[in-house]
Structure formats: C-alpha cells, structure tokens
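Colleague: The chain contents come next:
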Amino acid sequence: MKLSMRKAVTFVAGLLVAGMSLTACGASGSGGSSDPGVLKIAMTASDIPFTGTYPDNGYEGFRFVSNNLYDGLTRLNLDQDTELPTPQPSLAESVEPNEDGTVWTFKLREDVEFTDGTPFNADAVIFKLDTVKGDPDGKYFDADVASRGSAVFKYVKAGGYKKVDDYTVTVETTMPYGLLNYDALSWFIPSPTAVKAVIDGGGTWADFAKAPVGTGPFTLEELVPGDHALLVRNDDYWHGPAKLEEIYLYPAPEAATRLSMFESGEVNWADAPAPDAIQQLQDSGANVILAKYPHSISPRFNEFRAPFKDNVELRQALNYALDREATAAIINDAGFPASQYVYEGHPDFVPDNPGYGYDKAKAEQLLAEAGYPGGEGLKPLVFAYPQGGSGNMYPPEMMQSLQQQFADIGVDVELMPVEWNTLLTMGIEGLNSPQWQDIDILWASPAAGMLPTTYTTTVMCERVPGTPNAAGMCNPEIDELWDKGLATTDIEQTHEYFRQGLDIALDEADFLYWMHDLNLRVLAPEVKGFIPVLSWWTDFTLISVED
Amino acid sequence: MFRLAVRRLLYSIPILIGVSIICFLLMNVLPGSAAGGLINDQMTDAEKYAAEERLGLHDPLPIRYWDWLVNILQGDLGFSQQRHRDVSELLGQAWANTFILAIVSAVIGVALGILLGFIAGTRRGGWVDKIVSTFSLAGLSIPSFFLGVVLLSVFASKLQLLPAGGWNGMEDGIGGAISSLILPVATGSLVTAGITARVMRAAIVDTMSADFIETLRAKGLSENEVRKHVMRNAISPVLTTSGVQFGYLLGGSVVVETIFRWPGMGTLTYNAISSRDLPVIQGTILIIAFAFVLINLAVDIIQAAIDPRVRGTLT
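As they're listed, the protein sequences go chains A and B. Numbering-wise, the first sequence is residues 95 to 641 according to my numbering. Numbering-wise, the second sequence is residues 86 to 400 according to my numbering.
Hints are computed from structural coordinates only; laboratory data are not their basis. You may find that some hints are simply not true.
[As the list claims (entries may be wrong)] Some chain B residues flagged as far from chain A (calculated, every beta-carbon gap over 10 Å):
(1) I102
(2) V104
(3) E132
(4) I185
(5) S359
[Claimed, not checked] Some, not all, of what chain A presents toward chain B, calculated at C-beta under 7 Å:
(6) P130
(7) F144
(8) S244
(9) E348
(10) V558
(11) P562
(12) G566
[Said to hold, decoys possible] Covered stretches of chain A, as calculated for chain B (at least 3 residues, CB under 8 Å):
(13) 310–323
(14) 349–359
(15) 400–413
(16) 503–517
Don't be surprised by glycine CBs; every beta carbon is placed ideally from N, CA and C.
Take the sequences, apply the hints, and build the full model.
Modeller: Set out below in structure tokens:
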C-alpha cells in the first residue's frame with residue numbers, strides 16, 4: 095500500500111505542477127493591462143449593458159456602451175470637472191427652442207456618417223423618432239425602447255416632428271418644455287440602413303443590437319454575454335478619433351473580484367472596489383479616485399400615512415439623529431455627509447439653508463414634539479433597502495450604522511433587505527400599493543441633479559397625470575415651482591425654481607438626507623486623461639493608455 | 086438496461102412538469118413586478134399595461150403556463166425581454182460554460198474524495214485518518230465565498246499566477262483555459278471532495294468490518310485483492326452522493342460563478358431571479374431539474390453495472 099500511496103501523492107503533485115506551469119502562460123495571456131491603447135474595465139454590472147439604442151444597467155449602460163456606440167443629438171461637456179456638465183452640440187450643431195419651448199429646431203451636422211457608411215441626416219432622425227413615437231404597429235417600431243426609454247421621449251409630441259430640409263428637424267413638444275436638449279442626450283440614433291436590413295430580413299431590434307451601427311467613437315467588435323465586450327475605435331469618428339484603440343468591458347458584480355482583477359493586472363480600471371482597500375491601492379501606486387458627483391443616498395419617507403404623513407417634526411428628528419460622519423467613517427470615507435439633496439456647489443444647492451447635521455438633543459426634542467417622546471408609541475419603522483446594486487454604495491454597512499443611531503434616540507428600525515430590482519419596483523408601484531404599504535422608509539440612491547430632468551418625478555405630487563408620487567410626497571408649492579422650472583427655456587431660471595423647490599423640501603424634511611457618494615474607482619498609472627467629471631458619464635475619447 | 090433507461094426517462098416527465106408548475110407559481114406569488122426593468126416611474130398606467138400586455142402578464146395563470154408548455158414542446162423556450170435574447174441561446178451558452186466547470190470540479194472532487202476516503206478508511210484511527218477527516222470537515226465547513234476570495238487574493242492579486250476570473254473558452258489556448266479553471270474548480274470541488282471523502286471513509290469502514298472480508302482473508306487473498314473487493318462493495322453510496330453533487334454543480338454555483346465571473350447557469354439564474362426574468366428562470370430550473378433526472382439515471386445504471394445486488398431493485 096505504501097507504493098500505492100506514493101503513486102497517488104505523485105499523481106496529485108504532478109497534476110498541481112502541470113496546472114501551475116500551464117497557468118503561467120495562461121495568466122500572462124489573459125493579463126496585459128500594459129497594452130498601450132487598450133482600456134480594460136471591471137464594471138459593477140452583472141452583465142454587459144444592452145447594446146441597442148437604449149441601454150439597461152442604469153447610467154453604467156449609458157457610460158460604457160450607449161455613449162460609445164452611438165451619439166445623441168446633444169452631448170454633455172465631459173471635458174471639464176469644474177461645473178455640472180450641460181448639453182452641447184453633437185449630431186445637432188445647434189438646438190434652438192421657440193420662445194415658449196413648444197417647438198425645438200435641430201440643425202444637424204452635415205459631415206457625419208454611420209459606421210456602415212450611411213449618411214446621417216434628417217431622415218435618420220425622423221426614422222429614430224418614428225421607432226419610438228410612431229405607429230406602434232409599424233414595422234420598425236421599437237416597443238422595448240419606447241417603454242424603457244419613455245422618459246426621454248415623454249415630451250415629444252407624437253406626429254409633431256418633421257423634416258424641414260435634409261439637415262434640419264423640428265420637434266414639437268406636448269407642453270411648454272425647456273429641457274428637450276437634455277432629453278436629446280439620450281436619443282441614440284441608429285443607422286436606418288442597418289436597422290432595415292435586419293428587420294426586413296426577418297430579424298428584430300434585439301438582433302440589431304448584436305451588431306449595432308451608430309455614429310459613435312467606438313464600434314462593437316465582440317460580445318460574449320456575461321463575460322466581456324470589446325469596443326474598437328471608429329477611426330472616422332466625426333469628432334476626431336478616440337485616443338484609445340480598444341475598450342474591454344468586464345461585468346464583475348463582486349467588489350472583491352474587481353479588486354483582484356485590478357491587482358492582478360487583468361484590468362486597468364475598476365469601478366467601486368471595496369472601500370477598505372483604498373489605502374492598499376494607494377500604497378501600490380494606483381490612481382485611486384474619490385470625487386464628488388451628482389449621486390446621493392436620500393431615502394424617502396412614506397408620506398401616504400402615519401407616522402410620517404403631516405408630521406414634519408418626526409421627519410426632521412430622524413434627519414438630526416443621523417451621525418453621517420460616523421457612517422462615512424464605516425465606509426472609509428468613500429462618501430461624505432449630505433446636508434441637502436444635492437452637494438454644495440451644485441446649481442440646485444440652497445446656499446442659505448444649513449440643512450441637517452448630527453444633533454442628538456435636537457432630534458430627541460423634535461421626536462417629543464412629534465408625539466413620540468423617547469420613541470414611545472412609535473412602532474418599529476420598516477426600512478426597505480437593497481443588498482447591493484449599481485449606484486447603491488454600501489447598503490448593509492450603512493444600514494447597520496443607521497439602525498444604531500436611530501436606536502440611540504429610542505427609534506427602532508426593522509431592516510427589510512430586498513433585491514435591487516424589487517426595490518425599483520417599489521418605487522414604480524408606490525408605497526400606497528397594497529403590497530408595499532407596510533414600508534415606512536424606502537431606500538433611494540438618485541443621480542441627484544445630474545440632469546435637471548432626473549428628479550422631477552421624485553419631488554412632484556404626480557409622476558404622470560393620475561399617478562401619485564411614489565412616496566406620497568405632495569406639496570403644491572413645489573409643484574408650481576417645478577412646473578415653471580420645466581417650462582422655461584432659461585436654464586438659470588430652471589435652477590432658480592428648483593432651488594426654491596428643494597429649499598421647501600429641505601425644510602419639510604421630505605427625504606432622509608444622508609450621504610453623497612464619492613464614486614470610488616481605481617485606475618492603473620498608465621491610464622491617462624481621466625477627468626473626474628461631475629457626472630455619472632465619462633468621455634472615453636479623451637482617455638489614453640500609455641506605455 | 087435500455088428499457089430501464091427509457092422507463093426512467095418517461096417517469097421523469099411528470100417530475101419535470103411538477104417542477105415547472107411549482108416554479109411558475111412561486112415566481113408569480115413573489116413580490117415585485119414581472120415586468121421588471123421594462124417599466125419605469127414616468128409611464129402612464131396605460132403604458133405600463135401595454136408593457137405587461139406584451140409579456141402576456143394579463144392572461145390567467147393556467148393559460149400562461151399552458152402557452153409556455155406548448156412552446157417548450159415545440160422547442161421554443163421563449164424570449165428574455167430583460168436580456169434581449171432567446172432563452173435557448175442564453176441557456177445554451179451558460180449551460181456549456183457551467184458544464185465545463187462542473188465536470189472538472191466533479192471529477193477532481195470525487196477522485197480526491199475517493200482517494201482520501203479510501204486512505205482514511207483503511208487506516209481507521211491512525212494519524213492519516215485524522216488528517217483526512219479534518220480535511221473533509223474543512224471542505225464541508227469553509228464557505229465557498231470565503232475560500233474563493235482568499236484564493237483570488239493569494240493567487241491572482243498577490244502572486245499573479247492565475248487570472249482573477251472570467252472564462253473565454255479556448256480563445257486563449259489550452260493554457261488560458263486551464264488557468265481560468267483552476268481557482269473556480271479548487272473552490273467548487275472542495276465541498277464535493279469533503280463529502281465524498283466522508284462517505285467513502287464510512288463505507289470502507291463498514292465494509293472492512295463485514296464477515297466476508299475475514300472469509301476472503303481466510304481464503305488466502307492478498308491485502309491488495311481484499312481491498313479491491315472492499316472498494317467494489319463500498320463504492321455504491323459514493324456513486325449516489327457523487328451524482329447528487331454533480332447535479333448541484335451542473336445547476337451552477339451562484340457563489341463560485343459570481344466571485345470568478347463565470348458566465349454559467351448560477352450567474353444566469355441569479356440575475357434572472359433578481360430581475361424577475363420569468364422565461365429565463367423557468368428555462369434554467371427546467372434544465373437543472375432535467376439534469377438531475379439524467380444524472381440519477383446514469384448513477385443507477387452505473388451502480389447496476391458495478392453491483393449485481395442493485396440490478397434487481399431497479400425495475
């Protein structure tokens with residue numbers, strides 16, 4: 095038997111040695127972050143965002159896929175980090191509303207071609223609008239984008255867009271609306287020739303997405319679902335070719351995996367690695383980026399019913415009970431305390447309202463004024479939150495911190511962890527729907543003020559006519575201000591109205607103003623040209639990977 | 086044997102139908118909207134209704150289930166609105182990836198478990214037995230998540246010997262494929278090795294104490310020949326547990342696949358459940374159930390081939 099054992103041990107050892115020696119060549123083959131011109135990104139998404147004309151996976155989809163494969167009629171100025179990016183000319187070289195914002199004129203560039211050689215012109219824009227606002231039974235109607243992307247086409251009047259000449263299009267809106275240039279950021283225009291070829295050949299829009307054709311700075315070269323996508327530079331890009339030759343996108347929803355991928359050199363860009371690795375990454379010479387941008391964690395109180403309905407003191411008490419500095423410390427300062435919905439310096443920040451800081455004595459006093467001295471008489475608050483998901487920072491750690499801080503003033507919290515998608519459903523169906531009416535506080539992680547169009551439904555009494563605010567927040571004063579802000583074509587005026595509205599919401603403590611994200615990401619030293627923009631999006635044409 | 090296989094396959098049909106009904110009902114009573122990411126908070130009720138209508142969510146449950154079943158029989162597993170792809174295409178890719186991981190993990194885990202279990206069982210009470218028992222207990226006890234992260238940290242981050250996940254098939258050559266397999270296989274096979282070693286050890290100990298072993302020795306058989314008989318008699322329970330383990334592995338380990346970015350069934354199922362992607366959930370569960378049925382059938386046949394006593398019980 096001794097001989098047999100020896101044989102067995104030798105066999106196992108042989109396997110390990112063979113494996114490790116084979117891995118040496120394998121590992122070097124799959125690494126290679128130092129390849130000049132090649133950016134390899136570990137994303138937090140669990141799959142490659144959809145490559146059709148409207149992405150999924152939230153703003154991650156826009157950032158990595160849509161904005162690289164397609165162009166909108168406008169684009170954000172992502173080449174600076176001093177101010178909130180605003181819409182600039184893109185496929186449209188000028189965008190002009192009429193006086194009351196009911197008709198917008200888009201003058202199109204005349205030097206643009208899709209990557210299949212099809213010229214870009216007014217017909218292409220009309221074709222695009224027809225696919226989402228035209229006849230739902232039409233051959234090229236894209237029901238998927240028409241529903242998922244309905245927010246950015248909401249104010250386009252069906253049948254109200256027309257070709258004036260080959261390079262001019264007018265779009266009529268459903269009401270006086272001053273922000274259509276923001277919506278046009280996401281009107282991703284596909285090549286009509288390519289779409290027709292696919293659909294006329296018996297295919298679908300989903301088939302088009304497998305080999306998408308746009309005008310963007312990159313084209314889709316390869317897509318292996320769940321594993322990676324490869325984008326290659328469009329050398330003929332109308333705005334000038336990108337510095338990068340290739341972008342690899344890797345879905346890696348697990349933070350530890352993203353960290354390992356970065357440390358092993360498999361990627362040279364990792365989004366949101368675990369915050370406790372910040373020091374370790376900095377020590378290794380990596381470029382750790384922490385910079386503010388429009389993203390906050392601002393949970394919503396259920397104002398459909400007691401205890402939060404018409405009880406501003408209670409909402410304020412909980413805002414004062416939050417020790418935001420302590421929570422920030424738990425997540426290694428990957429976020430910073432929020433005193434308002436948007437960060438200081440944002441155009442909608444209310445300069446003369448201090449908002450909320452940690453003040454336990456004041457919290458206890460307000461709690462008593464609210465009718466719940468020491469928390470007496472207040473049932474445990476059901477707080478629904480996600481376990482993770484794109485843009486949610488670090489919910490479990492943050493929620494444990496919050497639970498303790500509320501307990502310190504006598505308020506018990508019943509944690510209700512849910513899937514990210516379920517939480518989104520709660521926000522869509524509303525806290526007045528029978529299945530969600532037991533929830534007292536709902537986690538929310540908005541792109542707070544990234545675009546002036548993003549928080550309309552959060553603060554107004556009705557999201558669309560007849561559908562109440564998801565959390566029951568309703569203040570006619572705010573509605574009036576918001577209506578004015580949406581209608582004016584003067585963006586400074588818009589921000590002024592929004593500031594006034596957010597000021598009221600702040601006094602009324604309609605949100606649990608908690609934390610601003612610092613968008614932790616890590617880049618290899620050879621990645622150059624990254625600009626920490628005040629946006630969720632990035633202009634990848636400005637980035638390079640050098641030797 | 087052929088008739089046995091056919092009969093077992095026919096028995097599996099009601100099982101699969103039962104599984105699919107339970108799965109279908111469960112997904113319809115869970116909280117959240119089955120329209121998932123297809124609706125948003127700026128849609129009117131009419132727009133939401135239209136989106137749900139496209140998914141056929143307004144039909145009564147039995148009709149939806151029946152439609153799905155009829156399509157399955159026609160080879161159509163449906164279309165994933167969330168993933169924008171045919172379910173069969175998604176399942177085909179994920180299944181192939183998981184199969185590779187599962188087969189390698191199962192072979193290594195079972196082989197290692199049998200070897201260790203045999204060694205421990207034939208040296209009962211000795212230090213080798215204690216070491217193997219400790220190993221097998223550790224294999225069962227160490228959470229895959231923890232082990233996976235540790236392996237990543239050591240072999241990918243620090244030593245940079247192995248990739249930190251991903252699976253690109255043979256595109257990076259045999260070396261690339263093997264290197265991609267090592268860490269997930271090491272993580273995934275540890276549980277299988279631990280369970281197999283424990284079962285094998287118990288079976289060996291049990292068989293070694295049987296009367297016929299003394300008879301064999303009395304007849305003058307060498308220890309090696311005796312061990313062959315022991316092995317043949319002890320292998321049956323190991324086969325059963327190995328079959329179950331292989332079934333689990335074929336179902337795709339969510340933890341292992343997530344940590345190592347393995348685009349397999351576990352990842353697909355987890356993402357589908359998270360996004361309420363009903364056609365994909367139904368497809369994955371059906372495939373996993375079918376795999377279990379086939380594996381159990383294969384185990385029965387192998388057991389019957391090895392052990393004549395079993396043949397009579399398989400009718």
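Colleague: Which of the listed hints are broken here?
Modeller: Hints 3, 5, 6, 11, 12 and 15 are the ones this structure does not satisfy, whereas the remaining hints hold.
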